[in-house]
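Novice: What follows is the residue order along each chain.
There are 2 protein chains.
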Amino acid sequence: MQKTDTVAKIGESAALARTIARLNLGASAIVGPGDDAAVVASPDGRFVVTTDTMIEDHDFRLDWSSGFDLGYKAIATNVSDVAAMGAKPTALTVALAVPGDTTVAWLEDFADGLRAGCESLAPGAAVVGGDLASAGKVFIAVTAHGDLEGRVPVLRSGAKPGDVLAVAGTLGRAAAGLALLQFAESEPAAAFDELVDVQLRPQPPIAAGVLAANAGATSMLDVSDGLAKDAGRIAKASNVTIQIDKALLQGFEATIEQAAMRIGASASDWVLFGGEDHSLLATFAADATLPREFKIIGRVLPAGENPLWLDDKVLPERGWDSVTG
Amino acid sequence: MQKTDTVAKIGESAALARTIARLNLGASAIVGPGDDAAVVASPDGRFVVTTDTMIEDHDFRLDWSSGFDLGYKAIATNVSDVAAMGAKPTALTVALAVPGDTTVAWLEDFADGLRAGCESLAPGAAVVGGDLASAGKVFIAVTAHGDLEGRVPVLRSGAKPGDVLAVAGTLGRAAAGLALLQFAESEPAAAFDELVDVQLRPQPPIAAGVLAANAGATSMLDVSDGLAKDAGRIAKASNVTIQIDKALLQGFEATIEQAAMRIGASASDWVLFGGEDHSLLATFAADATLPREFKIIGRVLPAGENPLWLDDKVLPERGWDSVTG
Numbered sequence: 001m002q003k004t005d006t007v008a009k010i011g012e013s014a015a016l017a018r019t020i021a022r023l024n025l026g027a028s029a030i031v032g033p034g035d036d037a038a039v040v041a042s043p044d045g046r047f048v049v050t051t052d053t054m055i056e057d058h059d060f061r062l063d064w065s066s067g068f069d070l071g072y073k074a075i076a077t078n079v080s081d082v083a084a085m086g087a088k089p090t091a092l093t094v095a096l097a098v099p100g101d102t103t104v105a106w107l108e109d110f111a112d113g114l115r116a117g118c119e120s121l122a123p124g125a126a127v128v129g130g131d132l133a134s135a136g137k138v139f140i141a142v143t144a145h146g147d148l149e150g151r152v153p154v155l156r157s158g159a160k161p162g163d164v165l166a167v168a169g170t171l172g173r174a175a176a177g178l179a180l181l182q183f184a185e186s187e188p189a190a191a192f193d194e195l196v197d198v199q200l201r202p203q204p205p206i207a208a209g210v211l212a213a214n215a216g217a218t219s220m221l222d223v224s225d226g227l228a229k230d231a232g233r234i235a236k237a238s239n240v241t242i243q244i245d246k247a248l249l250q251g252f253e254a255t256i257e258q259a260a261m262r263i264g265a266s267a268s269d270w271v272l273f274g275g276e277d278h279s280l281l282a283t284f285a286a287d288a289t290l291p292r293e294f295k296i297i298g299r300v301l302p303a304g305e306n307p308l309w310l311d312d313k314v315l316p317e318r319g320w321d322s323v324t325g
Numbered sequence: 326m327q328k329t330d331t332v333a334k335i336g337e338s339a340a341l342a343r344t345i346a347r348l349n350l351g352a353s354a355i356v357g358p359g360d361d362a363a364v365v366a367s368p369d370g371r372f373v374v375t376t377d378t379m380i381e382d383h384d385f386r387l388d389w390s391s392g393f394d395l396g397y398k399a400i401a402t403n404v405s406d407v408a409a410m411g412a413k414p415t416a417l418t419v420a421l422a423v424p425g426d427t428t429v430a431w432l433e434d435f436a437d438g439l440r441a442g443c444e445s446l447a448p449g450a451a452v453v454g455g456d457l458a459s460a461g462k463v464f465i466a467v468t469a470h471g472d473l474e475g476r477v478p479v480l481r482s483g484a485k486p487g488d489v490l491a492v493a494g495t496l497g498r499a500a501a502g503l504a505l506l507q508f509a510e511s512e513p514a515a516a517f518d519e520l521v522d523v524q525l526r527p528q529p530p531i532a533a534g535v536l537a538a539n540a541g542a543t544s545m546l547d548v549s550d551g552l553a554k555d556a557g558r559i560a561k562a563s564n565v566t567i568q569i570d571k572a573l574l575q576g577f578e579a580t581i582e583q584a585a586m587r588i589g590a591s592a593s594d595w596v597l598f599g600g601e602d603h604s605l606l607a608t609f610a611a612d613a614t615l616p617r618e619f620k621i622i623g624r625v626l627p628a629g630e631n632p633l634w635l636d637d638k639v640l641p642e643r644g645w646d647s648v649t650g
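Those sequence lines, one after another, are chains R and S. Here the first sequence is numbered in our numbering, starting from 1 and rising by one per residue. Here the second sequence is numbered in our numbering, starting from 326 and rising by one per residue.
In short, the hints are calculated from the structure, not lab data. A few of these clues could be false.
What the hints assert, rightly or not - If the Cβ cut is set under 8 Å, some of the chain S residues that face chain R in the computed set are:
1) Val356
2) Ala363
3) Gly370
4) Leu387
5) Ser391
6) Ala422
7) Asp456
8) Gly483
9) Arg624
10) Leu626
Said to hold, decoys possible - Lysine-lysine pairs mimicking DSBU-like chemistry, simulated, CA-CA at most 30 Å apart:
11) S:Lys571 x R:Lys236
12) S:Lys462 x R:Lys137
13) S:Lys485 x R:Lys9
14) S:Lys462 x R:Lys9
15) S:Lys334 x R:Lys137
Bear in mind the structure is a predicted one, so any value in this text is a computation, not a measurement. In this text, a Cβ means the ideal position worked out from N, Cα and C, and glycines have one as well.
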């Protein structure tokens, strides 16, 4: 076989075989890829499951993201949803559709990204099955599973007045990276490549999900669509008000301020409304001992006229919508 | 809200809410749609998982299939893979991408098809989560889960010389339906609408999967890419030869012979090489008592020069390839 072989030339079975050969073995896989279905251990007697889609020209551009980047990001964006339930990621399935002229080398690079994402973000987890098909554009749909290990799942609906609001991970860095990639000149993206890297290969704090659950988190989600929109989701699901303390966001703004100035953007907007950091946003009782990954950024108040405030101003729950953009 | 509202107009959250409202509740869902992830019961301590993709203009045409048809087929094609492991389907996730001008009425029809597929093919199973995104073409990725209820999973690799080969469900009917839809004139498709229906809304014998496992099936898969190709997969995975008895296929040919004559096609080719019936193909020890859903169509012989025979002729393992077509 040649480095330049395409998927159309060698067919589904051969392309899948070469891709699967590069995956890691998961600790939970009883039957791995290659049969009608995989079999995965769920010693807890329950499993957590979530699914997410990445679509060419809507969620990514092939001239910005390598196959490796996309494989890595597909893992990151899905295991963060598992972590947000207080579960440990165990197994994933990947449905991939690519144009027929896609090279097998690209597929192998994608598989390497899947493997690296599992190994660095969710050790023990692995891709246990998948599907390869043909389409005009690249489509990636990942389903991720997790083990609650006996814990009660942490929902969005459990925040209580008096709780504190805290975040583990970064805010605004992925949005900064996207803005740098979209900027008319390429020099700023090169100058702030660590922000571009967060956009291309997010680094959500997966282990913090289990730590938060063990610390008694009353609600949790992963920040995929921006702090304001996702904090609003907790407020509505829990029927409470969330008040974010602007002063406590300064540390997040500081790390992206230079990039914002360079391209004439607002670091504060990135922190409040930028998606795709896949950090964990959680609420805890005021007397809880927070895992050190979590920084307090606000508080939970009784339900009122508006669900979301920044200090004493109403904060709009705007952010990313995966349909309307 | 209006019947003519589009997904782009009302946004992801509202469109998802209207879709989710039409789904049935599954017996296994501990946490259903609406949080970062669902939680599903797996009392067996293991779960079965499989994923499959359906892509507009590659796997279906919107002028042939309604939203309802596609939802129903998405369930059928995935729970058949669960059944082929000897498991009972429990829960599914659905990742759906549609153009922004798709009406919410179409989405609701799709959700109704998901529900009907679960209720009629896999009672107790339900869609527990999903994702809605925007794309130029309709893209559907379903992940299905099942419970082995303590049984050993039935793999493709367990067929033994001396076993019989048997099938539960139809052969060639879905391919006949596709050929009728593709035929230049529309009259034959109308005349044989029960075959077109199998193509649009397959009726795999899901319960037969558990029955086969209980009866000691040594290997099993679902016939998605055609009898020859899928029998070849069992032969190779099990390192045996499979010999199909042409005379035992006559009953399958008889039900599609008239349609084949009407459009100048070969009923025998549809039975041997036509995909998408999603019937269950299994091997059993010669002295096993087969569930009555299964009809014997061949036998398993020791490995030899060719893995697949039709009577005394080598049978090519051709069929459907989801990449090369």
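Novice: Could you run down the list of hints and mark each one as holding or not?
Specialist: Now for the hints, and whether the structure bears them out:
{"no.": "1", "hint": "Val356", "in the structure": "holds (6 Å)"}
{"no.": "2", "hint": "Ala363", "in the structure": "holds (5 Å)"}
{"no.": "3", "hint": "Gly370", "in the structure": "holds (6 Å)"}
{"no.": "4", "hint": "Leu387", "in the structure": "violated (15 Å)"}
{"no.": "5", "hint": "Ser391", "in the structure": "violated (21 Å)"}
{"no.": "6", "hint": "Ala422", "in the structure": "holds (6 Å)"}
{"no.": "7", "hint": "Asp456", "in the structure": "holds (5 Å)"}
{"no.": "8", "hint": "Gly483", "in the structure": "violated (11 Å)"}
{"no.": "9", "hint": "Arg624", "in the structure": "violated (22 Å)"}
{"no.": "10", "hint": "Leu626", "in the structure": "violated (22 Å)"}
{"no.": "11", "hint": "S:Lys571 x R:Lys236", "in the structure": "violated (63 Å)"}
{"no.": "12", "hint": "S:Lys462 x R:Lys137", "in the structure": "holds (9 Å)"}
{"no.": "13", "hint": "S:Lys485 x R:Lys9", "in the structure": "violated (34 Å)"}
{"no.": "14", "hint": "S:Lys462 x R:Lys9", "in the structure": "holds (24 Å)"}
{"no.": "15", "hint": "S:Lys334 x R:Lys137", "in the structure": "holds (24 Å)"}
When each numbered hint is compared with the structure, violations occur for hints 4, 5, 8, 9, 10, 11 and 13.
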